[in-house]
Amino acid sequence: MSTPHQFKYLTKKRRVKEDRRFVTGKGRFAADFKFPGMLHVAMVSSPFTCAKINSIDCSLALELPGVHYVLTGEELASNINPLLSGLDLPEVKRLPLANGRARYAGEWVAAVVADTRHIAEDAAELVAIDYEMLDFVIDPEEALQDTAPVVHPENGNNIFFDKTWTWGDVEGDFAKAAHTLALRAKWSRSSTVPIETFAVTASWDGGREMLDVWASIQMPKYPEQIARALRMPVTSVNVHFDVDVGGSYGLKRGIRQTVIVSYLTKKLQRPVRFIEDRLENMAGGEMHGPDRIFDMEVAYDEQGIMESLKITATDDCGCYPGRAPLQLGKPVSAIVGPYRIKSAQYHARSVSTNKTSQEAVRGFGQAPTNFAIETVVDRIASALNTPREEIRRRNLIRSDEFPWRIPSGSEYDSGDYHTVLDKLMKTADWDGLIDKRNAFRESGKLAGLGLSTCLEPSGGNSSFEPLFNPKNNTTTWMESCLIKVDMLGGICAMMGTSSSGQGHETLLAVSIAEVLERDPDSIRAIHSDSVTALPSNSPVGSRMAIMLGGAAAGAAKKIKNQVIAIAAHNFQLPEDRLIYEGGDVYVKGDTERCLKWEQLVDIAHRQYHNMPIGSEPGLQAQHTWEVPSGGAMPKEDGTVQMYPCYAFEAHIPLVTIDPGTGQVQIHDYYIGHDCGTVINPDIVRGMTFGGIAHGIGAALYEKFQYDESGQLQAGTFMDYLLPSAHEIPTVEMIKHYTPSPLTEFGQKGSGESGYLGAPAAIASAVNDALAPLGKSIATLPMRVRDLEELLNS
Amino acid sequence: MSKNTIQITVNGTSYKREVEARLTLVDFLRDELDLTGTHVGCEHGVCGACSVIMDGRPVRSCLIYAVMADGHDFVTVEGLGGKDGSLSPIQDAFWENHAMQCGYCTPGMLIACHHLLEENPDPTEEEIREAIGGNLCRCTGYQQIVEAVKIAAQRARGSNL
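Chains as they are written, first to last, in our numbering: chain A, 2 to 794; chain B, 196 to 356.
Since the hints were made in silico from the structure, they are not lab data. Hints should not be assumed to be uniformly reliable.
Here are the computed lysine-lysine pairs in the DSBU-like style, where the Cα-Cα straight-line distance is at most 30 Å [unchecked claim]:
id: 1; chain 1: B; residue 1: Lys-198; chain 2: A; residue 2: Lys-35
id: 2; chain 1: A; residue 1: Lys-597; chain 2: A; residue 2: Lys-559
id: 3; chain 1: B; residue 1: Lys-345; chain 2: A; residue 2: Lys-13
Remember, predicted model here, so these are calculated numbers, not experimental data.
Bound-form chain A, shown alone (with noise of 0.2 Å):
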């Protein structure tokens, strides 16, 4: 396998192509497409946690000059087909606007359209709708019991989801170990915000029978979702890939707002838009994140290496199921992160409540995971008063173990935790920073130092898709790329998504630079409309890098060797007698005979009398590329390889609390990093900046809070805390390189790193913080008023 300096082009420092038309603010997002005779869209929302509809009125919006339509629920749900689920819930039905019944405080019951925002906002306030108070649920345990308000009551229960797997003999391990240990951990409801809510344009074309959308989109198989639920052909719907997305990290999937505009547009035969306000998106925009109470036990031996590990995490879904509720799926692929756990029982069960729904979110249920075993790991140290990277060093996977097969079913590829966490705490100087923590206590600080360590499955299959639903039958999570040489030696690439800050345009243009031997900046990247697009799974699960990037070099392999198919004919020499560089062939040994890239290029666009016979003219090729170690389906047990890579990170952060107003502060952060090649250096500082910065928000800041009536008490960025430049530490990031062998050029997943591992790590500083009080907090977030209660009770 190939080792970073080998390459020419990867792992090297260079300016990432998307970003010069953000700085000149050329940037192209959805709400700056506009369309003559464009009609906008403001929703009416239900103020109730749960009702019924008996009546909507519209009569005075429609009065109202510049008011063209009023859509409710009952017309949409009468003309649709209801939005696609990740689990088997017939009698689920979910819909973009509520029809009949309002299950949360902010649902969406009638869309408004006008001629411009304002007026439709006016006309909001006129739709008079006639609601009846129904009992709801907001606390997820209480909706688990018998007794509790039904959210879709043709269901039965609140129950969406709920199985126990159990891989290897956990009773017996359990029976066996010297010491067991239970804690309850919770991460609350977070969610990744991005500063652009979710914004959509839909126009239909009779004349050519298109539904051109043009969205804020980050979403697999989204044409797809719109013509199932809009019941028409796939041909007859065009997305728009070039949009620019403003943030996204898993969240932007709004096929509810977009099948509402393209109803709507073919109703009107006119443009309809509707971008999100920042209410809309907090409350209404079913974006929030997992939400979750993790019951975690182990048992361990006297050196505290862990035997088996049972985890039951119940997941406060929200009102309607979506693709959410497999977040708790993905879990499975590293359900005992980065250890030598050899048994595991898992207990995973997702609850609906009367909230808005959740999304998939950065990491897709990772997260909320590696933090609850972090606190078990950092709770056994304690137990058995032993450092706690002591513990983790017993218990880590060795480097010469890989490829190492977790209870779960999964193989982990490759990696080398010992030496990343060994050259984290040597260039973190974890002496000293033990050192500067207590010298903060001495000082009369409450201060601590922090440590995690754990996994980013990347680059999935998404087998939690059958896993979690018997019906579906998915093993290929697919990707692809075209590439065309023009005439004039010209080379551009195209991908079938869009993107949302991954820089995937420098992704292929690298990748394909990389085997085509050209200049990269030389190559053309570009987004395909959906409908001219080959199969796309689009930037999810930490996929890019390796699928992207592998479906790249696999197209640009089979123009390579086109080229020296079209030199080998003319020079009239086998193929193992040429010399392929930078895109001209020459004959080994006799330089002086060489076909020039623009010369094999030129036949191959019109010399079909020196093309090899019977070969296609011109020079294109297209790959679409298998995940890597995918194709199967889950077996009897559950076991089922998930994700083919898996990237190792470990943190350390140093934090102080004021002891008197909880208020955290962290004053050093470091991460050892492991993600294999790094295709651009810059992008994965980025992302690695970005997800600590997001796991930082999770573990101190952001919460959907939710009162005990139902209401949203954080729809806008004053009572949901983003943090900013003074919150989040500059971060020392130590760099290891352990490629995949499964992948190109040795990558592995970068999207989802940073969040995997922050919260666990701030969670461990806080508590070493709290240790010397002999207090403890599991909760996420560790808000400045949730730490001044404890520290006061």
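Use these hints to put chain B onto chain A, whose structure you have.
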């Protein structure tokens, strides 16, 4: 809805328009002048994505009505670079150091950093963080932004030698 006539200068060009009293400056810039580089984030003055420079100082264009902008002078992200399309030092440093990912908060960040460097050509890390403290970025964790400001400042100082 009654309309008011306003005259404002944006990036050196004077515009005269009739606007509704409730139209915010950011909507005016984007919808009336087609200057879509300025972005709408929270619409309540917290995120800073809509930052523009008004009479030499950064302001939130979502908190200002267009009618209040009458007679004032503005610079938006489109006005930071040269008329020939060349990048300003801070734009170039942002690009070089990948001080963004999705690019959505970037125009507001650039406005804040541009203003900082005009006022303080040699800012400390703390001063940089203070200057961008009112601009939220969800992608970067701010680090490469802070670094980019240092790069731009260093270059500007170097060019004056």
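For Lys-597 (chain A) and Lys-559 (chain A), compute the direct alpha-carbon distance and say whether it is at most 30 Å. holds, 18 Å
Given the proposed pairing of Lys-345 (chain B) with Lys-13 (chain A), does the C-alpha separation stay at or below 30 Å? Status holds; Cα separation ~22 Å.
Against the 30 Å threshold, does the CA-CA distance of Lys-198 (chain B) and Lys-35 (chain A) hold or violate the hint? Cα-Cα ~23 Å, so holds.
Figure legend: structure checked against the earlier numbered hints; every hint is met.
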